[in-house]
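**Q** Okay, here's what each chain looks like letter by letter:
Protein chains: 2
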Amino acid sequence: MKIDQVTTPALVVEAAVLEANLTSMAAALPGPRLRPHVKAHKCTSLAARQKAHGHHNFTCATMAEMEGMVRAGLGEDLLLANEVVDAQRLGALVRSGARVTLAVDSPATIATAVAGGVEEVVIDVNVGLPRCGCDPTSAGSLADTARRRGLEVRGVMGYEGHIVGLPDRAKRIEMIRPAMEALLAAHADVGGDLVSAGGTGTYDINGWATEIQAGSYALMDTAYAELGLPFQQALWVEATVISVSPGWAVADCGLKALSMDHGNPTIEGSEVWFCSDEHVTFAPGQPVKVGDRVRVIPAHVDPTVACHEKIFVVDGDDVLETWPVDLRGW
Amino acid sequence: MKIDQVTTPALVVEAAVLEANLTSMAAALPGPRLRPHVKAHKCTSLAARQKAHGHHNFTCATMAEMEGMVRAGLGEDLLLANEVVDAQRLGALVRSGARVTLAVDSPATIATAVAGGVEEVVIDVNVGLPRCGCDPTSAGSLADTARRRGLEVRGVMGYEGHIVGLPDRAKRIEMIRPAMEALLAAHADVGGDLVSAGGTGTYDINGWATEIQAGSYALMDTAYAELGLPFQQALWVEATVISVSPGWAVADCGLKALSMDHGNPTIEGSEVWFCSDEHVTFAPGQPVKVGDRVRVIPAHVDPTVACHEKIFVVDGDDVLETWPVDLRGW
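Residue numbers (the numbering used here), protein chains in the order written: chain S, 159 to 488; chain R, 159 to 488.
Keep in mind that the hints were calculated from the coordinates and are not lab data. The structure displayed is predicted, hence computed values, not measured ones. Don't take each hint at face value.
Given that identical chains are not distinguished, each listed pair holds provided it fits within a single copy or across any two copies.
Heads up, simulated DSBU-like pairs for lysine-lysine below, C-alpha to C-alpha not over 35 Å straight-line [said to hold, decoys possible]:
no.: 1; residue 1: Lys209; residue 2: Lys447
no.: 2; residue 1: Lys329; residue 2: Lys160
no.: 3; residue 1: Lys447; residue 2: Lys468
no.: 4; residue 1: Lys160; residue 2: Lys447
no.: 5; residue 1: Lys329; residue 2: Lys209
no.: 6; residue 1: Lys160; residue 2: Lys209
For reference, chain S alone in the conformation it holds in the complex (with noise of 0.2 Å):
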């Protein structure tokens, strides 16, 4: 099937740039110093190929992402990082045999936990963005109730997320340092052999962490792209134009089709005036016509991966394979 065949607006990724990003990736943080945050791309086809790339353990962000890592047979070490409340659900998910580590910040998740049969937890510490993760001076205190409840307590995490996307690189450099002292100080209280932090933005900064619970690279987004990064734009959604008028045109991606919490999608060459919820008008940068198919460039990736069921993998015009969004819901 050629990219020309394909109803859009439509998830498209380039074979060969995600691949760079993966080999990329893989040789900065070989193995177990990166575990892959699949919210970035909800896609267990995608998070196969970061297992060929030598990265077994996995971070996600929601129980139907566990769930569907483990249906996809790559359970063999899963870090909900986040919290939640779901006993029954979690019992389920633990029955499965997979190895399941959840992210505990108060009293009340590590009872969650327990009445699930987890056994293993990390403490999940506040390193500076306002979001959960218990204060870092309560962690060895929470530490000490969850493995008098019987849990594994495997380390800490913490996540800088409120430094990960700063566009410039010193400070970037100036504000980790901080946040993840903040970390290493909490994780002398808990013990364990996990400090779980990092992110596309700091993959190659935090040296404190053991292990960088990067996503995007793997996709990218325009707002990554503006960091510098050794990573490449790998996913645009294809659109078709629609209508044509003097000084704009309409392709067929708006809203529904593209996350908008990091403002307009990109056309290159082009000038995007807006999104509407099925639309985008732009001013092209060179005459298009109605039929012509256009590169929208998401300026977030992670949500905009979540609008779609599927993703076509290419080569040029070539559609090699087509992955479903599979880890997508609640």
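Please arrange chain R on chain S, whose structure you already have, making use of the hints.
**A** What follows is chain R alone, placed relative to chain S:
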């Protein structure tokens, strides 16, 4: 089932509020005066409720919506208010026996309609929003072209999308006149019975159109709530508090469960700080604990619904029905 047994994040609709909204609209625009736009809810079960309120004709934005409405037996009079170029897929739709009317705004989209075996079209006219639609002065000649090629031209459509969301009603009233006068001028050149236009924000001030394409009135969102319309918020995303820190809390409803193109969602009585992929961080108005439920109200309903597989229809805490969001995708 009770709503607190449903996995979060979950899309929830209060049945009584939905019914009140449908009743108000059916009183204001009975029968064929409204052509409900299904893009706002992407749910044939909800469309069936609109039909029960007397609206038999529907508006769609995508081929998948058209196909799904036909499958659900709601194909009495479907307008695809959008340009498409896939003649093969149109052909299958036409052969289903549904009444299919297609918007066209160029010789190329007229050619697609002909190639797909479509029998009826409307001329899509630009009334001020730089998106699809021909210049009003070209509408007559496009209608001539369409008729020469054997198509029945049912009239015109022209969506005043630059006006429907303006919070100031006086401004909406001021701006709609020139937009609709342009559409009527085009209609004079085109002929036919239909003048299709409008949305929830102009449903009661657009006295020019023969039918109004409103959709958001059924479920509403915080953007439309600012317009002082007689429709109430029927929808929210039910979320669970998963982490509590001094000064803020986190619930499990993020960017992938909400559309962010109109900005942050609202949690009544609390201040929303920001959303991440799977989290909303907020300052609670009163103390919350892990496991509590919160209602997250989206700023923009249409793309939020498209993030979910199903809608839980509730009466208070009781889940009455579960409706598939069966018109997603393309």
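**Q** So which hints don't hold here, by number, going up?
**A** Violated hints (numbers, rising): 1 and 2; every other hint is consistent with the structure.
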